[in-house]
Each structure stands twice: as structure tokens, then as C-alpha cells.
Amino acid sequence: MITSNNGFFDKFGGKYVAEIIRRPLDDLEAAFNKYIHDPEFIEELRIIQRDYIGRETPLYFAPTATELLGGAQIYIKLEGLANTGAHKINNAIGQCLLAKKMGKTRIIAETGAGQHGLATAAACAKLGLECVVYMGEVDVRRQQPNVATMEMYGAKVVPVTSGSRTLKDAVNEAMRDWATNFKNTHYVLGSALGPAPFPDIVRTFQSIIGEEVKRQAAERHIDIAAIVACVGGGSNSIGVFTPFIEDKNVRLIGAEAGGIGPNMGENASRMTGNASREGIVQGYKSRFLIDEDGQSLPTRSISAGLDYMGIGPQLAALGESGRVEFTSILDKEALEAVKFFARNEGILFALESAHAGAAAMKIAKELPKDKALVINMSGRGDKDIFITSPVFRPEKWKEFLKAELKRLENNEDIHDAEIMNK
Amino acid sequence: MNLMSHLIAGFPDAETSIAIADALVKGGANILEIQLAFSDPSADGPAIQTASTVALEKGFSTKQGLEVVKKIHERHPETPIYIMTYGSLAFTPGIENFVKMCKDAGVSACIIPDLPFDCDEGLTEACKKHGLENIPVAAPSMTKERLETMASAGFKYIYAALRAGTTGSETTIDQATLDFIDTVGKGGAKVLGGFGIRNGEQSKVLSKHVYAVVAGSVFVNIVLGNEDSAEGRKKAIAEIEAKARELTGA
Numbered sequence: 236m237i238t239s240n241n242g243f244f245d246k247f248g249g250k251y252v253a254e255i256i257r258r259p260l261d262d263l264e265a266a267f268n269k270y271i272h273d274p275e276f277i278e279e280l281r282i283i284q285r286d287y288i289g290r291e292t293p294l295y296f297a298p299t300a301t302e303l304l305g306g307a308q309i310y311i312k313l314e315g316l317a318n319t320g321a322h323k324i325n326n327a328i329g330q331c332l333l334a335k336k337m338g339k340t341r342i343i344a345e346t347g348a349g350q351h352g353l354a355t356a357a358a359c360a361k362l363g364l365e366c367v368v369y370m371g372e373v374d375v376r377r378q379q380p381n382v383a384t385m386e387m388y389g390a391k392v393v394p395v396t397s398g399s400r401t402l403k404d405a406v407n408e409a410m411r412d413w414a415t416n417f418k419n420t421h422y423v424l425g426s427a428l429g430p431a432p433f434p435d436i437v438r439t440f441q442s443i444i445g446e447e448v449k450r451q452a453a454e455r456h457i458d459i460a461a462i463v464a465c466v467g468g469g470s471n472s473i474g475v476f477t478p479f480i481e482d483k484n485v486r487l488i489g490a491e492a493g494g495i496g497p498n499m500g501e502n503a504s505r506m507t508g509n510a511s512r513e514g515i516v517q518g519y520k521s522r523f524l525i526d527e528d529g530q531s532l533p534t535r536s537i538s539a540g541l542d543y544m545g546i547g548p549q550l551a552a553l554g555e556s557g558r559v560e561f562t563s564i565l566d567k568e569a570l571e572a573v574k575f576f577a578r579n580e581g582i583l584f585a586l587e588s589a590h591a592g593a594a595a596m597k598i599a600k601e602l603p604k605d606k607a608l609v610i611n612m613s614g615r616g617d618k619d620i621f622i623t624s625p626v627f628r629p630e631k632w633k634e635f636l637k638a639e640l641k642r643l644e645n646n647e648d649i650h651d652a653e654i655m656n657k
Numbered sequence: 444m445n446l447m448s449h450l451i452a453g454f455p456d457a458e459t460s461i462a463i464a465d466a467l468v469k470g471g472a473n474i475l476e477i478q479l480a481f482s483d484p485s486a487d488g489p490a491i492q493t494a495s496t497v498a499l500e501k502g503f504s505t506k507q508g509l510e511v512v513k514k515i516h517e518r519h520p521e522t523p524i525y526i527m528t529y530g531s532l533a534f535t536p537g538i539e540n541f542v543k544m545c546k547d548a549g550v551s552a553c554i555i556p557d558l559p560f561d562c563d564e565g566l567t568e569a570c571k572k573h574g575l576e577n578i579p580v581a582a583p584s585m586t587k588e589r590l591e592t593m594a595s596a597g598f599k600y601i602y603a604a605l606r607a608g609t610t611g612s613e614t615t616i617d618q619a620t621l622d623f624i625d626t627v628g629k630g631g632a633k634v635l636g637g638f639g640i641r642n643g644e645q646s647k648v649l650s651k652h653v654y655a656v657v658a659g660s661v662f663v664n665i666v667l668g669n670e671d672s673a674e675g676r677k678k679a680i681a682e683i684e685a686k687a688r689e690l691t692g693a
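Protein chains in written order, with our numbering: chain L, 236 to 657; chain P, 444 to 693.
Don't read these hints as lab results, they were simulated from the structure. Note that the structure is predicted; figures quoted are calculated from it, not measured. One thing to keep in mind: the hints can contain errors.
Stretch-level coverage of chain L by chain P, calculated; a stretch enters the list once three of its residues show a Cβ under 8 Å from a Cβ in chain P [claimed, not checked]: (1) 486 to 499; (2) 560 to 574.
Sample of chain L residues lacking proximity to chain P, with all beta carbon distances greater than 12 Å (derived) [as the list claims (entries may be wrong)]: (3) G306; (4) G398; (5) P430; (6) I480; (7) Q517; (8) R615; (9) S624; (10) K631.
As a list, the in silico DSS-like pairs of lysine-lysine whose alpha-carbon atoms are at most 25 Å apart [unchecked claim]: (11) P:K571 with P:K629; (12) L:K483 with L:K606; (13) P:K572 with P:K506; (14) L:K418 with P:K633; (15) L:K269 with P:K587; (16) P:K647 with P:K629.
Built from N, CA and C at the ideal position, the CB exists for glycine as well.
Pulled out of the complex, with its shape left as it was, chain L reads as follows (with noise of 0.2 Å):
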């Protein structure tokens, strides 16, 4: 089950659109189809790939954690190392220049932790296309640091006041958009799901991740027992994971947002919970969390890139089928793995990817001494320290947001001041 078979993956995925939506999903299928086997395209990739996006990224091996945890070796993808912060710049990157390819002048996309609204940001600025970002309003307030990047990229970022205002609804509001406008415009949407051919595209984009992973171990001998990673919609993980999906001496784990408990709205389980079931929602049938109805259900992570009611048909079906594990990783626990990577290892996880991290510190000690564990860091932790910050040291937090906003009111010249030492 390594693509879709028309667009399903077993019994998950298809095409489930209103014929509004239809053509540019067709248009857009058969250039990927196309471009995907033409030989300067992948070269152009590859190029920007490796002199933009900084690839390959290293598979680093964590001493400290490895001694401290007392099982597997700990290995570390660092998507995190990737220009702009996170491996969404992958997909963008690859999408970006198809939508070129098609002549398309115009850039929207959906976002929840702004990692995917960044990076296709980034990617229109470097390809000089225009660039509109949908991102839910509970999610702009959370994720400022990346809203301030998305503008300076030169990207306009739309609130969504609809819904519960965070990423489904972005989504929504993006297929809207492109219903109207799909004549000069394109959709990169940001994860392996949605209507097809979007999970095949994401995920050969993203495949990069494992490919090198692959090749790395290969290289250095290194013998994978067991890649873990996070799983929103599932881009990062369905990456690292393609190129082992048929290896199963490699146990293939998912971490979810378990968020502050398991009861209904607490969290956002897709396969782990009981709170989910198959339905047909935002153009593919997956595991969704909605009720008997049918209704989206209220979902809750302290990562806003896992906050997600949905999960890519693929790995809903590598996760019925057994080859893909799902475990569930409260807020508490995202938290403990930030810090621990952080003081130990030197290395800043995001919250979506502490997940991973911290379904790592548990399984580590099940594996043997001499096999390796890889957790793939989807990105890196500089945008959440608005929500670290707080919860690690909350009154020099305040202190400093307080002093901030004073010098701001007071139309301080920050920097000024900082310069002149005042």
C-alpha cells in the first residue's frame, strides 16, 4: 500500500467533492502525473531541494538520550534543520513549482500551527508567486511567531472566523477559494489527506524524509527496529515512513495528540481513541472524529498542527491493516519530551513533534541495545515559545510580555534602546 489505487487506499481516501471542486483536482492530478516522471522537474527539485531547503537533513545520534532512556539507540531526523523550521517546506516547495509548471500565478493554502503557511510562504516568495494563507483564528493567536514570518514572506494571512476558527475550518475556507478561483490559482494543501490526488502528492514530496533515512542507516550500518513520529493529518510520518512500509522488521509508530484526557473533545485521537469513526469528510473518507450524526466533533491539543479531526486515508488504512501502531501522547507528556531533548540533547522540538519524541521515551526501553530507534522532529520549537514559555517559566514570561507591550505603548524605539544600552 505504497499509493493509492485510484485513489483509495484499501477502503480510505477517493474523491468526495462537490463537481465544483472536481476539475482543478482532475488538472491537477494529471500534471502531477506527468511532471512527477519528467526528468528536468525532478532535477529543478532536486536542485532547490539541496541549495534551499538544505537537504539532506542529518540523522543525528543522541548519546545522552540513548543513556538515559536504557533501550535503543535514539537517532534523530532533523526535518527541523530544514530551511524555514519544519519538513512542511518539503511538500510546499515540490507543489509550488508544479503549480508553476502549470501556469498557475496565484498561491493559497490552509494552516493550523503555521509551519505549512510558512513554508508555502517561503516557497512563493522564493518562486515569486502570490501567496494567500487561511489560518483559524484561535490558531492565529496561538501561533503569532509564524503569522509575523508568513507577512514578512509576503504572504497575506486570512482569519477564519468560521466553525471552531482552527485548522478544519481553514481548510473549508481554502477549498472555497479555490472552487472560485482554481483558474490561476493553486491549492497546496499542507498534508497527506483531503480529496485525491492530494495523499499522493504529499506523500511522494515528503517520502524524501525516509528515502534519506534509508540511505543513512545504510551507510552508517545503523540497524532500524523502530521510526516513530507525529501524526496530525500525517505528512511528516507517512514521509519518513514510505520507504519501510514494506520492510517489517521496522516497527512503524504514530504519535497522537492525546491532549488533556481521553474523553470526547479532549483531544484529537484519530486511531487511538474511542471517540472516532470511519466517515466522509473535507473530500476523503478516513477516521474522523465526529459524532453519530456525522458532525465534526470538537478536538483539543496543545500543538496546534495535531489539532486536527482527521487523518490521512493512508495511514487510517496502514492503521487497520496493522502495519502502522498509533499511541496517544497527552499535552503533559509533549511538554516533558520538549524539555528533556532540549536540556540533554541540545535540540529544540516542536510540540507537534515532542509527540514523537516523548512516544520514543516510552518505547525506547522495549527495544534492544544494539537496534535503533528513530523519532523523526517533524520542526523545531522556536515558534511555540509563546506557549513553552509560559508553562517553563511563567512569571519571567510575564515580566517580559508586560516590560514588551509598556516600550510599545510608549513608543519606545526598541531597538534603539537596546543599541544605545538605555
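Model the placement of chain P on the given structure of chain L, informed by the hints.
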């Protein structure tokens, strides 16, 4: 002329949505398209999404929605009711269960845009079995080939969305629109045409080319902003009747 007018079950509340149906029928609407609110109505514009959110926040469920439908059907047994909703609400309880529930409420047809005609999870079959019609939605952006396949698939009605994009924005009826309508009806299906119809002039032009003119957001917009007070709702209902009269030329 035939007018298929749209309302959302349970918006702004169950009682008022029944009064809205009464006003639409009084104003000359002869088909009622009743939407069951969904949390992620991706093919709808802001007016219908906002109205759906209001209905859901008040605890709307499919069961309650169909109770509203049943009451409307009992009041207007001669006016066919077509249910419009999204695939999630039909798929989750099981397509056949859903169709049966609709049948029991007095529904004549289903319009579910994200269950496309060639991937409908058995909707057309289930409708046939229970004596309902499945009405697919055609869009002008469809390829000629796909549109012709849909047109000749034996559907009794096809809903022609007259513009790219979602509901609620203005639509211009030009030659391309009329050509599109002709293609939709090529296989003998009766064409329900709409998207962005706001005034009598538009519906008059359109009525010569379609079996029924469809209008939705124009009615929903009248209610939006007026739903919080009894007086506002009363005013909205009167306006809805007047708008239906304008659109039907009655």
C-alpha cells in the same frame, strides 16, 4: 415559473424554519430545498455556513432536522421536498438508513454534492429502492465528457450550479451559462438551475431555460441578522414571502 427555494432546517430555530417554509410556499415556491446543517459545508458560501453554525450551536441533529421536514411536509403535502446536505450526514448513519429516514419524513429527493454521481456510496440505488430521486449537482467547470456522462446517466433531475465557486455570490447569466444548461438537460433530465439568483429579472431570464429556478442564499441572508428577536423573525418571514413572489413573478 417553478421556483426551488432553500431553507435550513432548524435555522434560526425549528419553529421559524417551518414559518419560513410557509412563507416560501405562499410566495409561490413549488419545490422546497431543505438543508440539513453540517459542520463543514465546504460547497456553501458564508451565509449558509453561518446559518448552519447557528443551527448546530442550538443543538441541531439529523433527527430534529427531519422532524422539521416532516412537519413542513404535513403542512404542504403537495410541495415536493428535496433534502440538501453533505456526504458525512448520509454516510455516517449508513446511506440506506439515511434515505429511509428521509423517506419517512416525506422527502422526495436528495441533493448531496460531495457524493458525486460516479462515487455515491450507493445513494442512487438506495434512493431508487425507497422511491426517492438522487439529484446530482453539475458545475460549469466540468469537462464536456464528464458532464455528458452525468447528463445521460438517467437522472430525472440535475441541479446545475451556474457558476464556479460556492453559493451566495452574484451570477451572470450569459451565453456560456445557457449552453451549459442545455448540455445538462441533453439526456432528458429536468434542470434545476441556480447559484447566486437574487432578483426577479435574473429568474425571469433563467426560467425560460430550466425546469425550476433555484434560490438559496438570498433567503438565508434575509434571516441572518434578524434571527435574535421575535420582531426580527416576523419581519424576515414577511420579506421572504415578498422575495419569493418577486422571484416567481407571482
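Problem - Exclusion check [K631 (chain L) not at the chain P interface, CB over 12 Å] - result: holds, 40 Å
Practice task
Report holds or violated for chain P covering the segment 560 to 574 of chain L, Cβ cut-off 8 Å, minimum 3 residues.
Solution key: Check failed, 0 qualifying residues.
Practice task
Mind taking a look at whether chain P covers the segment 486 to 499 of chain L? Criterion is 3 or more residues with CB to CB distance under 8 Å.
Solution key: violated (count 0)
Handout entry: Assertion that G398 (chain L) lies outside the chain P interface [Cβ separation over 12 Å]
Key = Check fails; 6 Å does not lie beyond 12 Å.
Problem - Whether G306 (chain L) stays farther than 12 Å from all C-beta atoms of chain P, as the label says - result: Fine: 42 Å to the nearest Cβ keeps G306 (chain L) off the interface.
Practice task
With 12 Å as the threshold, tell me whether S624 (chain L) passes as away from chain P on beta-carbon distances.
Solution key: holds, 33 Å
Problem - Hint consistency between K647 (chain P) and K629 (chain P) [alpha-carbon to alpha-carbon, up to 25 Å] - result: Distance ~22 Å between K647 (chain P) and K629 (chain P) Cα, so the pair holds.
Problem - No chain P beta carbon within 12 Å of I480 (chain L)'s - result: Holds, since 26 Å exceeds 12 Å.
Practice task
Verify that the Cβ of Q517 (chain L) lies farther than 12 Å from every Cβ atom of chain P, and report whether the claim holds or is violated.
Solution key: With a cut-off of 12 Å, Q517 (chain L) comes too close to chain P, as the shortest Cβ separation is near 6 Å.
Practice task
Compare the distance between the alpha carbons of K571 (chain P) and K629 (chain P) with 25 Å, and conclude whether the hinted pair is satisfied.
Solution key: At roughly 22 Å apart (the allowed maximum being 25 Å), K629 (chain P) and K571 (chain P) satisfy the hint.
Problem - Restraint check for K572 (chain P) with K506 (chain P), where alpha carbons must lie at most 25 Å apart - result: Holds, at about 21 Å.
Handout entry: K483 (chain L) paired with K606 (chain L) [C-alpha distance capped at 25 Å]
Key = holds, 15 Å
In summary, the structure is inconsistent with hints 1, 2, 4, 5, 7, 14 from the numbered list given earlier, while agreeing with the others.
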